[in-house]
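K.L.:
Chains S and A, in that order, give the protein sequences.
Just add 595 to the spot in the first sequence (first one is 1) and you have our numbering.
Just add 1004 to the spot in the second sequence (first one is 1) and you have our numbering.
Derived from the structure by calculation, the hints contain no laboratory data.
Treat each hint with caution, since some may be false.
[As the list claims (entries may be wrong)] In silico DSS-like pairs for lysine-lysine, Cα to Cα no more than 25 angstroms straight-line:
1. A:K1059 / A:K1082
2. A:K1077 / S:K637
3. S:K698 / S:K678
4. A:K1059 / A:K1077
5. S:K652 / S:K678
6. A:K1082 / S:K637
7. A:K1074 / S:K652
8. A:K1117 / S:K698
9. S:K698 / A:K1082
10. S:K678 / S:K637
11. S:K673 / S:K637
12. S:K698 / S:K652
13. S:K698 / S:K637
14. S:K637 / A:K1117
15. S:K637 / A:K1074
16. S:K637 / S:K652
17. A:K1082 / S:K673
18. A:K1059 / A:K1074
19. A:K1117 / A:K1082
20. A:K1117 / A:K1077
21. S:K698 / A:K1074
[To be verified] Residues on chain A that point at chain S, a partial pick, calculated with CB under 8 angstroms:
22. P1044
23. R1047
24. Q1048
25. M1049
26. L1051
27. Q1055
28. Q1108
29. K1109
30. F1112
31. G1113
[Claimed, not checked] Derived coverage of chain S by chain A (criterion: at least 3 residues anywhere in the stretch with Cβ under 8 angstroms from a Cβ of chain A; other residues may be distant):
32. 605-611
33. 638-649
34. 659-668
Predicted, not measured: the structure shown is a model, and the values here were computed from it.
Even glycine gets a Cβ: it sits at the ideal position worked out from N, Cα and C.
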Amino acid sequence: EPEVTQTPSHQVTQMGQEVILRCVPISNHLYFYWYRQILGQKVEFLVSFYNNEISEKSEIFDDQFSVERPDGSNFTLKIRSTKLEDSAMYFCASSEGTGLSEKLFFGSGTQLSVL
Amino acid sequence: AQTVTQSQPEMSVQEAETVTLSCTYDTSESDYYLFWYKQPPSRQMILVIRQEAYKQQNATENRFSVNFQKAAKSFSLKISDSQLGDAAMYFCAYREDLNSGGYQKVTFGTGTKLQVIP
Chain S
596 EPEVTQTPSH QVTQMGQEVI LRCVPISNHL YFYWYRQILG QKVEFLVSFY NNEISEKSEI
656 FDDQFSVERP DGSNFTLKIR STKLEDSAMY FCASSEGTGL SEKLFFGSGT QLSVL
Chain A
1005 AQTVTQSQPE MSVQEAETVT LSCTYDTSES DYYLFWYKQP PSRQMILVIR QEAYKQQNAT
1065 ENRFSVNFQK AAKSFSLKIS DSQLGDAAMY FCAYREDLNS GGYQKVTFGT GTKLQVIP
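Excised from the complex, chain A in its bound form:
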């Protein structure tokens, strides 16, 4: 079974600084998707960024970027120029390839709570 591990329960960053959230995963599949979801206090799940495993190029979305190391099964999220609105719980997540029989069955990590200090 696939597992997703986030070893940092809490992180803090100064406003305008950069922070990196760590994530590792375990799978025997070669094709899959990785995601970072943001969960603000409202508890809505918001997709931040996603990465296809077959792509070597790291995904970027404005201030958010990932460092995807497939061999190491590592998928970290970098937030640049942190803003107060970035404060939230961040979940790393994995989704297997359709051909493996999984619909949108996403496996989540336990989350990292990010605090942004003004």
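The following block holds chain S by itself, in its conformation from the complex:
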């Protein structure tokens, strides 16, 4: 089965630093997403991205966050100035479409630790 690939698997950064989390969605997919999971808590939607623009975002996704599809294969999440509370597992996901029957594929996640 095709996979969504995320790198790195673990990222450690100092508070206030910028981080970029990288994802390679499945090649024929058109819709891309970021979710996050703070340790011990539920997975939360951050943002959806289609046709090179954000289609929907949650209240978590504030001005410190941005997403980009720089080269047609990668999909990145940037956090400009990390805070301690940004420590979480970040999941990238992609889907071929948005129909109710479309399957959402998740990557293995990037564990971000902000010190």
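Please arrange chain A on chain S, whose structure you already have, making use of the hints.
P.N.:
Okay, now just chain A, sitting in the frame of chain S:
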């Protein structure tokens, strides 16, 4: 806003036995999707089973089946013949219909940690 509630933080089952994980949700929509995702220690999110709200028939996938009670807004997962590899965190999740404006914005519950005892 839609909410998903899993009231069992942890469950355990003897190998080869059957276990049922509970989930309730709240929505005003009539068309939506419900899911169960498995998250093993590797933390990857793996889709186990999904149910369309307009279908009365309960979904099944091999040893996994659901009991979908739309009026009660209940969506439980039954795992039959439990195996050691079933040990994981299980998340119940909800996805609204495209016509409601939601892309693949999935709302997750807080999870149930399943332990399988040899």
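K.L.:
Each of the hints needs a verdict: does it hold here or not?
P.N.:
Comparing the hints with the structure gives:
The hinted pair formed by K1059 of chain A and K1082 of chain A meets the criterion: a straight-line CA distance of about 18 angstroms does not exceed 25 angstroms. Distance hint between K1077 of chain A and K637 of chain S is fulfilled; the C-alpha atoms sit about 20 angstroms from each other, no more than 25 angstroms. For the hint pairing K698 of chain S with K678 of chain S, the CA-to-CA distance comes to about 33 angstroms; that exceeds 25 angstroms, so the pair is violated. The hinted pair formed by K1059 of chain A and K1077 of chain A meets the criterion: a straight-line CA distance of about 14 angstroms does not exceed 25 angstroms.
At roughly 19 angstroms between alpha-carbon atoms, K652 of chain S and K678 of chain S fall within 25 angstroms of each other, so this suggested pair holds. As the CA atoms of K1082 of chain A and K637 of chain S are separated by approximately 21 angstroms, the hinted pair is consistent with the 25 angstroms bound. Taking the CA atoms of K1074 of chain A and K652 of chain S, the gap is near 28 angstroms; set against the 25 angstroms cutoff, the hint is violated. For the given pair, K1117 of chain A sits about 24 angstroms from K698 of chain S by alpha-carbon distance, which is consistent with the 25 angstroms threshold.
For the suggested pair K698 of chain S and K1082 of chain A, the alpha carbons sit about 21 angstroms apart, so the restraint of at most 25 angstroms is met. Taking the CA atoms of K678 of chain S and K637 of chain S, the gap is about 19 angstroms. The hint holds against a cut of 25 angstroms. At most 25 angstroms may separate the alpha-carbon atoms for a hinted pair to count; K673 of chain S and K637 of chain S meet this at roughly 21 angstroms. Of the pairs offered as hints, the one joining K698 of chain S and K652 of chain S holds, with about 20 angstroms between alpha carbons and a cut-off of 25 angstroms not exceeded.
Taking the CA atoms of K698 of chain S and K637 of chain S, the gap is near 20 angstroms; set against the 25 angstroms cutoff, the hint holds. Distance restraint check for K637 of chain S and K1117 of chain A: the Cα-Cα separation of roughly 12 angstroms lies within the 25 angstroms cut-off, and the hinted pair is therefore satisfied. Of the supplied pair hints, the one linking K637 of chain S and K1074 of chain A holds, its CA atoms being roughly 23 angstroms apart against a limit of 25 angstroms. This hinted pair checks out: K637 of chain S and K652 of chain S have alpha carbons roughly 17 angstroms apart, not beyond 25 angstroms.
Pair hint K1082 of chain A plus K673 of chain S does not hold up; C-alpha atoms about 39 angstroms apart against a cutoff of 25 angstroms. For the given pair, K1059 of chain A sits about 10 angstroms from K1074 of chain A by alpha-carbon distance, which is consistent with the 25 angstroms threshold. The suggested pairing of K1117 of chain A with K1082 of chain A holds, with an alpha-carbon distance near 14 angstroms, which does not exceed 25 angstroms. Restraint check for K1117 of chain A and K1077 of chain A: the C-alpha separation of about 22 angstroms stays at or below 25 angstroms, so the hint holds.
Taking the CA atoms of K698 of chain S and K1074 of chain A, the gap is near 22 angstroms; set against the 25 angstroms cutoff, the hint holds. The closest approach between the C-beta of P1044 of chain A and any C-beta of chain S is roughly 10 angstroms, which is over the 8 angstroms cut-off, so the hint fails. Nearest Cβ of chain S to the Cβ of R1047 of chain A: about 5 angstroms, under the 8 angstroms cut. The hint holds. A cut of 8 angstroms between beta carbons decides the hint on Q1048 of chain A: the least distance to chain S is about 5 angstroms, and the hint holds.
Interface restraint check: M1049 of chain A against chain S, minimum CB-CB distance 4 angstroms, threshold 8 angstroms, status holds. A distance limit of 8 angstroms between C-beta atoms decides the matter here; for L1051 of chain A the minimum to chain S is near 7 angstroms, and the interface restraint holds. For Q1055 of chain A, the shortest C-beta to C-beta distance to chain S is roughly 11 angstroms, which exceeds 8 angstroms, and the interface hint is violated. At about 5 angstroms, the closest approach between the beta carbon of Q1108 of chain A and any beta carbon in chain S falls short of 8 angstroms, and the interface hint on this residue holds.
About 5 angstroms separates the beta-carbon of K1109 of chain A from the nearest beta-carbon of chain S, less than 8 angstroms, and the hint is met. Hint status for F1112 of chain A relative to chain S: holds, with the closest Cβ pair at about 4 angstroms, below 8 angstroms. Interface restraint check for G1113 of chain A: the shortest CB-CB distance to chain S comes to about 6 angstroms, inside 8 angstroms, so the restraint holds. Given as covered by chain A, the stretch 605-611 of chain S fails the check, having 0 residues with a CB less than 8 angstroms from a CB of that chain where 3 are the minimum.
Only residues whose beta carbon comes within less than 8 angstroms of a beta carbon in chain A count, and the stretch 638-649 of chain S has 5; three or more means the coverage holds. Counting residues of the stretch 659-668 of chain S whose beta carbon lies closer than 8 angstroms to any beta carbon of chain A gives 0, which falls short of the minimum of three for the stated coverage.
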